[in-house]
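We have chain A already, so just place chains B, C and D on it with the hints.
Protein chains in written order, with the working numbering: chain A, 32 to 345; chain B, 32 to 345; chain C, 32 to 345; chain D, 32 to 345.
I should point out that these hints are in silico values taken from the structure, not numbers from a laboratory.
Please note that the accuracy of each hint is not assured.
A pair holds if it fits inside one copy or across any two, identical chains being indistinguishable in the list.
Cross-link-like lysine-lysine pairs, in silico, DSS-like; alpha carbons within 30 Å at most [to be verified]:
| hint | residue 1 | residue 2 |
| --- | --- | --- |
| 1 | K250 | K331 |
| 2 | K112 | K331 |
| 3 | K112 | K58 |
There are 4 protein chains.
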Amino acid sequence: MTLSTARLQAILTEITDIARASESRGKVADYIPELACIDPAQFAIALARPGKPTLVAGDASVPFSIQSVSKVFMLALALGKLGDRLWSRVGREPSGQAFDSLFLLEPERGRPRNPFINAGAIVTTDAVLEGSSPREALGSLLRFIRAAANDDDIHMNERVAQSEIATGHRNFALAHYLLSHGNLANTPDLTLGTYFHQCAVEMTPMQLANAGLFLVGGKDAPRLVSAQRIRRINALMMTCGHYDGSGDYAYRVGLPGKSGVGGGILSIVPGIASVAVWSPGLNHYGNSKLGTEAMERFAKMTGWSVFGPTRAAR
Amino acid sequence: MTLSTARLQAILTEITDIARASESRGKVADYIPELACIDPAQFAIALARPGKPTLVAGDASVPFSIQSVSKVFMLALALGKLGDRLWSRVGREPSGQAFDSLFLLEPERGRPRNPFINAGAIVTTDAVLEGSSPREALGSLLRFIRAAANDDDIHMNERVAQSEIATGHRNFALAHYLLSHGNLANTPDLTLGTYFHQCAVEMTPMQLANAGLFLVGGKDAPRLVSAQRIRRINALMMTCGHYDGSGDYAYRVGLPGKSGVGGGILSIVPGIASVAVWSPGLNHYGNSKLGTEAMERFAKMTGWSVFGPTRAAR
Amino acid sequence: MTLSTARLQAILTEITDIARASESRGKVADYIPELACIDPAQFAIALARPGKPTLVAGDASVPFSIQSVSKVFMLALALGKLGDRLWSRVGREPSGQAFDSLFLLEPERGRPRNPFINAGAIVTTDAVLEGSSPREALGSLLRFIRAAANDDDIHMNERVAQSEIATGHRNFALAHYLLSHGNLANTPDLTLGTYFHQCAVEMTPMQLANAGLFLVGGKDAPRLVSAQRIRRINALMMTCGHYDGSGDYAYRVGLPGKSGVGGGILSIVPGIASVAVWSPGLNHYGNSKLGTEAMERFAKMTGWSVFGPTRAAR
Amino acid sequence: MTLSTARLQAILTEITDIARASESRGKVADYIPELACIDPAQFAIALARPGKPTLVAGDASVPFSIQSVSKVFMLALALGKLGDRLWSRVGREPSGQAFDSLFLLEPERGRPRNPFINAGAIVTTDAVLEGSSPREALGSLLRFIRAAANDDDIHMNERVAQSEIATGHRNFALAHYLLSHGNLANTPDLTLGTYFHQCAVEMTPMQLANAGLFLVGGKDAPRLVSAQRIRRINALMMTCGHYDGSGDYAYRVGLPGKSGVGGGILSIVPGIASVAVWSPGLNHYGNSKLGTEAMERFAKMTGWSVFGPTRAAR
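Looking at chain A on its own, in the form it has when it is part of the complex (with noise of 0.2 Å):
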């Protein structure tokens, strides 16, 4: 049973209005200063689909920083740019640490446990400034996520990636610790001024559903990387894509799904669509609060799972 258009329209709609309705609305991150001062109230739920208008509800127009669902571009990037040579640097495995742990660090040498905490996108991002400067690399990025969403007006914010530069203590701690062992080719300064523009990149909740496109797959999708890649990328997502929350997001969603400080959350059904989520409070693993119960609850009226025999059905 295919979901119509506008059952599916219906489904974002009540999702909206329930999350518009709770009083409970997580904690607006308040390390970036840029970030802190956000209006919790926003809530929007984006759904792309290959060779469908894209349908949405909610402050779905707004742009917003996506931090860290930033690290599934820059992985397809350093993949392309890379191939398996990229985990010789970084793990594949889920941390089971906070997204800025060092912890295991030490004890790993300096690897990190995979490219979705921060050390280890520090790492993916030092490798694609490998033969390239910041500014060609984040060029890269911004053409490869332009072209993702289809969609030119899609931009950094200078004074987000300032305020992170200036405030990131823990970051810098992970880059020098990471360079004392070996695993940063570049200075500190240069690989996270790199990080902090790539987390810096504003999008609309519709451009974000839309740039996630490309991890569908399908004879629809846009096809920016091969389908063996989009089902590692997507494997990444669901191991490793909500830090020590990532089982928690498996087991009541069900769909791979990369999580951002900003509140965002890129979830992918594979196949079928891409859609994102958006709402500033977040819940104690630093993931969107509202928009993980969106999503769970997206899930449930879809239907939608890699989990379950009900795309079969359809």
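Just chains B, C and D now, with coordinates in the frame of chain A:
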């Protein structure tokens, strides 16, 4: 594109031929004396589909000790008995540690990370013993497995159970430690006696594939648990089923799976099939070496993955 | 300046008066049921000097459970029996973890950090059982303590031992874990039966001070171990005798010491005296709260410290 | 029995002869480029006593980089400036981890275990910078050391400091991490610039022995800190002065000591003497290999130990 039975059979045969020719077979688990003497040259793969004949290749009629694969059935039983109450005692996150680790139990105050590491499976077993004797609990488990496999000729190997009772010191350490945190309701002897018998279930690869059908779902599959629970168990298998190698399995195979130190792996293709593979030699995570390689090849040859659009194209 | 007996007696009395007036007495250990009912209002201090009468103040004739203070005597016995062979099984470094922690045992492969944390003391006890029955080993221990104290009226409290056997789950976890690493030669039941009886030795504060004289050294002290061994045991008491509070005790008191959850502390002033203090309430390290404060006051009032020149000025 | 000057000189000479004949000299620290080229064949020992001539043997007039031995002087300075306020920012417990570890900083929320591991020394340096410029703080440190040694010819090696600034990535990681927890008041560049200059102090073994006299105490010793502070600094040297080898040093040598990766060790015999030993090759803890062995021999030959009654017998 649906794969024909003939094509699937050809895939299983080719995988078996390649596995049999492999010269690097891993190391048979030697910490359970009764398992140490298994012939490492054995290999089998079996594929069960709802409403269709089960396909096999290799030593698919040889019973082997399913060991930790039994944790999937025990979890299903525990969720049936306790529902979400189970999660007050055990988490749903990958642990990033070895299967028998107790490292994280101290900082996390005796609450195991998930039901598939030993500590978590001991808690799950202990929970199933609520209001039941070991005999009753093990009887329920066997009935569940036999019903799932539609096969009454499935038994526990008493010698294997006794061998583990005599040598499973680390599991005793885990049980006593859980008890010290109040997360064991029965004595370590009672709970572990049950736990070791559960691990001592023997099945042929063909039986195991059949027993996995209840997690495939769809209208022709056995209805032992709800569609929601199917999705949730598969989610846990995906994020936690291979211990600290779960991320790698998701990346390489892309299907929910649960391994056991007996060399068995059960993987689910939601809506389509249940696959059992068996080869006694283990890799350094304690998962079947050739079994993992075979499943990676299987996923590639069939194009089956929960993370890609291939099913939509069938 | 040697302190006169009268001056020392006055110091003990003043310390006792202050302790008795204290309103913050810590919390009696409640995880051993037999110890949970001890009256926390009790306090005593006793000072033994080679060749001179022992001085006491407070409840110095009340027998109490010396618990982990017994590890000092067991270590002396183990070194006498095994010499440096003991160090192949246990280390000599402070652990920085709680007395009953098993956190470090996993990364350090079953070799406890030192003989004064529970894990290390279990190994030490196990080592003393080499070629001896528990009865013989415990007989040797009692003989050693009685000889040290020059007092035959020192016994084990069977009810305390049984209470710990029934409830010491964490110690059972430690013993089974040690066994899983091959660092236990006997069954957990046998070694822990011995270990718990050793912890159940009861002494009065006066007896304990006397029993410590063998670590004071000098020509009038009991010669139970060599001068080199005295120094080494005192070194271990200094760096490891108060678990993760050892550094603080060294800083505040400046004397080697060993605490027990029964509320006793034995401290050594090398060449001069042995001091026992007892008060059942514990601080958050599991060391006697008033006992630690009393020893800090004692060190200040006597000027005795291994870290200062005060003795040179006597 | 007081050891005569002639006997002490004979001991120093014998120890030097044995050290020079040793074939296993450890490995010179190579992570600081300026130190990597030091000749490992060098060895010296120097003994300073209050009011008596300093005795030396070996290369006792060769200046070397005292590195972490400087932490003793900086701690004295910090305690003089801040008193017990310092302890709100750094602990007093052995860490059980390597000198440059950041493992424990995460669970312990940015409060280093003690002032002698790198993280703790960085905090101590940062504290001394309160209300002072780096130039002033380093001036105070040099004045303190020169006064202690009664020798104005003690300097910092600017090339060593610059070498560490250029390569001390792990220390930068520590500083940024401390900053992220609010436990750094200055920028990492400012604090580490000061820290690295402090480590770059050069002294001859003879000067270092003299500089240690302020920790010996007694009426003829320099009065730079109070008797209580002497005891406390010595206590910290005993429990934390050799990182995760502190317990072993206490056991084998029995004297408070502080090592540096330049191969120097300063040990104190309270009330009697200050001993400096230097040999560039390090053991696996990062402490001077021959230096540690020499101190063990020295303690044995002199009978000097804080843990034994030997001084009472002098």
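Exercise. Give the relationship of K112 and K58 under a CA distance limit of 30 Å: within one copy only, between copies only, both, or neither.
Key: Neither, since 37 Å and 36 Å both go past 30 Å.
Quiz item: How do K112 and K331 come out at 30 Å by Cα distance, when the copy is not named: within, between, both, or neither?
Solution: between (38 Å within a copy, 23 Å between copies)
Exercise. Have a look at K250 and K331 and pick one of within, between, both or neither, based on CA distance no larger than 30 Å.
Key: Both, since 26 Å and 19 Å are each at most 30 Å.
Going through the hint list in order, the structure does not satisfy hint 3, though it satisfies all others.
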